[in-house]
Amino acid sequence: MTATHSTRMLILGSGPAGLSAAIYGARAGLAPIVVQGMQPGGQLTITTDVENYPGFRDVIQGPWLMEQMQAQAEHVGAQMMYDQIVDVDLSERPFRLKGDSGTLYYADSLVIATGAQAKWLGAEGEQLLQGKGVSACATCDGFFYRGKKVVVIGGGNTAVEEALYLTNHSQDVTLIHRRDSLRAEKILQQRLFAHPNIKVLWNQAIERFVGGGNPEGLVGVDLIDTVTGHKSHIETDGAFVAIGHQPATELFADKLPMDEGYLLVEKGTTKTAIPGVFAAGDVSDKVYRQAVTAAGMGCMAALDVEKFLAEADFEAVAAE
1 MTATHSTRML ILGSGPAGLS AAIYGARAGL APIVVQGMQP GGQLTITTDV
51 ENYPGFRDVI QGPWLMEQMQ AQAEHVGAQM MYDQIVDVDL SERPFRLKGD
101 SGTLYYADSL VIATGAQAKW LGAEGEQLLQ GKGVSACATC DGFFYRGKKV
151 VVIGGGNTAV EEALYLTNHS QDVTLIHRRD SLRAEKILQQ RLFAHPNIKV
201 LWNQAIERFV GGGNPEGLVG VDLIDTVTGH KSHIETDGAF VAIGHQPATE
251 LFADKLPMDE GYLLVEKGTT KTAIPGVFAA GDVSDKVYRQ AVTAAGMGCM
301 AALDVEKFLA EADFEAVAAE
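In terms of UniProt numbering, the sequence shown has 148 at position 148, counting the first letter as 1, and numbering is strictly consecutive.
Be aware that one or more of the hints could be misleading.
Calculated pairs, EDC-like style, for lysine to aspartate or glutamate (alpha carbon to alpha carbon, straight line, at most 20 Å) [stated by the list, open to error]:
id, residue 1, residue 2
1, K286, E266
2, K149, E207
3, K307, E266
4, K231, E126
5, K149, E126
6, K255, E126
7, K255, D237
8, K199, D225
9, K231, D180
10, K132, D225
11, K286, E250
12, K149, D172
13, K255, E266
14, K148, E235
15, K148, D237
16, K148, E306
17, K98, D237
18, K267, E306
19, K286, E185
20, K199, D237
21, K255, D49
22, K119, E250
23, K132, E250
24, K119, E161
25, K199, E235
26, K132, E216
27, K307, E92
Derived by calculation from the structure, the hints in this document are not laboratory data.
Please model the complete structure; the sequences and the hints are all you need to start from.
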């Protein structure tokens, strides 16, 4: 027999956005259900030191922070479901969603907080050294490389912005790009080329991230020239992969409007094009992508849900 769950508020995703929405929704008496997805806790569960989340004087661990958020959400009445949604019907309310377990979920409102994942190169040593010198977020981790040598890999706006940001901490920043020109906006390129602490290596691809030391950390990168095939090596303390992000929105293709895969929301709100469906966090934020902004958007989503349901209930009573 197929298991079914009905709820006033269904939340997809259990990162800072989803869990913040759950906390606010539960406190509003909506008894939200959180479907945790493939990566319970979101991207912070693969982050070690977190030093920029407000409220903590000392460095905290990403997995610990997410454990605390989940515990808080459960304490105030949210229910966690270890499931992955594979099918969505948003054509009418209650919305109907199906998990890969076969479980059916019926929801009067839906908060999409499935997040976005950084794109990785797939080069040797990259996964092994993530959090040990290899990162995909300069604003998250740049502080740890004060006075050290760093490289940024990429050629778009994100890569150029991260290289410029890193000059706040490092006097030696190298941008590595596999082509002979950048895709970034011209004004960003002008700032990059004018900065005395940034140099650019053209036509270079990462062949391997090299680890060393005890405990092991990144000590350099092996490069290969994309034109000549010549191989080289440069030493570095940190490498920032900046080739873009991929929001987890495949489920909503042809169901909700998007911009480069990011869900579009009404300005100043978390409302999508379908009444009762809301989006929060990295799934709709291509600019900031920080834990604290995701948490704030989760709060916004819960407040938007509460208002939407109150108005829907009023209209239903008035129609009787």
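Verification of the supplied hints:
1. The hinted pair formed by K286 and E266 meets the criterion: a straight-line CA distance of about 15 Å does not exceed 20 Å.
2. Only pairs whose Cα atoms come within 20 Å are accepted, and K149 paired with E207 is accepted, the gap being roughly 19 Å.
3. With a C-alpha separation of about 15 Å, the suggested pair K307 and E266 falls inside the 20 Å cut-off, and the hint holds.
4. Between K231 and E126, the direct Cα distance comes to roughly 18 Å. Compliance with the 20 Å bound is thereby established for this hinted pair.
5. This hinted pair checks out: K149 and E126 have alpha carbons roughly 18 Å apart, not beyond 20 Å.
6. Among the hinted pairs, K255 with E126 is inconsistent with the structure: their alpha-carbon atoms are about 35 Å apart, more than 20 Å.
7. Taking the CA atoms of K255 and D237, the gap is near 44 Å; set against the 20 Å cutoff, the hint is violated.
8. As the CA atoms of K199 and D225 are separated by approximately 17 Å, the hinted pair is consistent with the 20 Å bound.
9. A threshold of 20 Å between alpha carbons decides the hint, and for K231 with D180 the separation of about 17 Å falls inside it, so the pair holds.
10. Taking the CA atoms of K132 and D225, the gap is about 26 Å. The hint is violated against a cut of 20 Å.
11. A C-alpha spacing of about 16 Å is found between K286 and E250, which places the hinted pair at or below 20 Å, so the restraint holds.
12. The hinted pair formed by K149 and D172 meets the criterion: a straight-line CA distance of about 5 Å does not exceed 20 Å.
13. For the hint linking K255 to E266, the alpha-carbon distance of about 16 Å falls within 20 Å, and the restraint holds.
14. Note on K148 and E235: the hinted pairing holds, with a Cα-Cα distance of about 11 Å set against a maximum of 20 Å.
15. Straight-line distance between C-alpha atoms of K148 and D237 comes to about 6 Å, which keeps the hinted pair within the 20 Å bound.
16. Taken as a hint, the K148 and E306 pair is broken in the structure, with Cα atoms around 48 Å apart against an allowance of 20 Å.
17. A hinted pair counts as satisfied when its Cα atoms are at most 20 Å apart, and K98 with D237 does not qualify at roughly 45 Å.
18. Between the alpha carbons of K267 and E306 the distance comes to roughly 18 Å, so the proposed pair stays at or under 20 Å and holds.
19. Taking the CA atoms of K286 and E185, the gap is near 16 Å; set against the 20 Å cutoff, the hint holds.
20. Of the supplied pair hints, the one linking K199 and D237 holds, its CA atoms being roughly 16 Å apart against a limit of 20 Å.
21. Straight-line distance between C-alpha atoms of K255 and D49 comes to about 37 Å, which puts the hinted pair past the 20 Å bound.
22. The suggested pairing of K119 with E250 holds, with an alpha-carbon distance near 15 Å, which does not exceed 20 Å.
23. Of the supplied pair hints, the one linking K132 and E250 is violated, its CA atoms being roughly 31 Å apart against a limit of 20 Å.
24. Using a Cα cut-off of 20 Å, the hinted pair K119 and E161 holds, with the two alpha carbons roughly 16 Å apart.
25. Among the hinted pairs, K199 with E235 is consistent with the structure: their alpha-carbon atoms are about 14 Å apart, no more than 20 Å.
26. In summary, the hint linking K132 to E216 is supported, as the alpha carbons are separated by about 7 Å, within the 20 Å threshold.
27. The hinted pair formed by K307 and E92 meets the criterion: a straight-line CA distance of about 19 Å does not exceed 20 Å.
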